[in-house]
Amino acid sequence: MSTPAPHATTDGPHPATMLKRRWPTALAVACVALNVLASGSQDVADAVGGFAQTLPLLPLIYLVVHQTGKPQATWPVLGAGVVLVFALPFQDLAAPSTVLVALAAAVLVGGAVLGTPHGRRSFGVQAVGALVFCGLALAGLVVDPDLGRYLVAAGWFFHGVWDFVHLWLDKVVSRTFAEWCGVIDVLVAVQLLFLV
0 MSTPAPHATT
10 DGPHPATMLK
20 RRWPTALAVA
30 CVALNVLASG
40 SQDVADAVGG
50 FAQTLPLLPL
60 IYLVVHQTGK
70 PQATWPVLGA
80 GVVLVFALPF
90 QDLAAPSTVL
100 VALAAAVLVG
110 GAVLGTPHGR
120 RSFGVQAVGA
130 LVFCGLALAG
140 LVVDPDLGRY
150 LVAAGWFFHG
160 VWDFVHLWLD
170 KVVSRTFAEW
180 CGVIDVLVAV
190 QLLFLV
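Read in order, the letters of the sequence shown are residues 0 to 195 in numbering that gives the first Met the number 0.
These are calculated hints, taken from the structure and not from any lab test.
Quick caveat: nothing in here was measured; it's all calculated off a predicted structure.
Some hints could be false.
[Unchecked claim] Distance ranges between label pairs, derived from CB positions:
#1 V127 with R174: 19 to 25 Å
#2 V112 with L36: 42 to 48 Å
#3 G114 with F193: 22 to 28 Å
#4 A79 with L26: 16 to 22 Å
No residue lacks a Cβ here, since even glycine has one placed at the ideal position from N, Cα and C.
Whenever a hint applies, use it, and build me the whole structure from the sequences.
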């Protein structure tokens with residue numbers, strides 16, 4: 000008499016296993032949910048301004064990590080960027096977006112002059128990304144908030160696409176960051192589009 004084969008489950012992986020694999024997505028959803036709760040019924044102009052001021056941080060992280068040549072530096076660079084974004088509003092010299100764009104420009108100039116660990120082609124792709132995303136952020140700040148909402152939402156959405164392409168290619172930043180950032184970016188874009 001043979002022993003029966005173990006019962007195969009057709010329900011898929013256990014939720015804890017799924018959460019362990021998809022923790023960046025779960026963390027991203029939690030971050031956006033907390034932000035929505037914290038901001039409450041925010042004015043459209045304030046929301047557009049806040050997300051536009053923060054948008055240049057996203058390509059800046061990619062530029063800095065690209066220049067280090069070490070994807071494992073991604074989360075520490077994000078940590079430094081978040082501290083910077085929260086500290087910048089306490090100074091009155093320059094808008095946070097101006098400081099972030101200036102830092103991105105400095106990294107671009109440094110990469111062009113000193114070289115890059117991944118070659119000029121890869122650096123050029125990151126440079127184009129930085130110009131597009133920083134441009135959308137700055138444009139969103141200077142136009143009418145109703146139009147600015149769509150420009151800034153486009154910046155966040157297309158940066159999410161940028162993240163998912165980097166996740167698929169496994170290039171520049173860590174895979175966990177690319178997944179986390181991609182989910183946050185798309186959710187922020189949706190949030191901006193549905194502001195009342």
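Taking the hints in turn, this is what the structure says about them:
1. V127 with R174: 19 to 25 Å: 22 Å, holds
2. V112 with L36: 42 to 48 Å: 45 Å, holds
3. G114 with F193: 22 to 28 Å: Distance hint for G114, F193 is violated at roughly 44 Å.
4. A79 with L26: 16 to 22 Å: With a Cβ separation near 18 Å, A79 and L26 satisfy 16 to 22 Å, so the hint holds.
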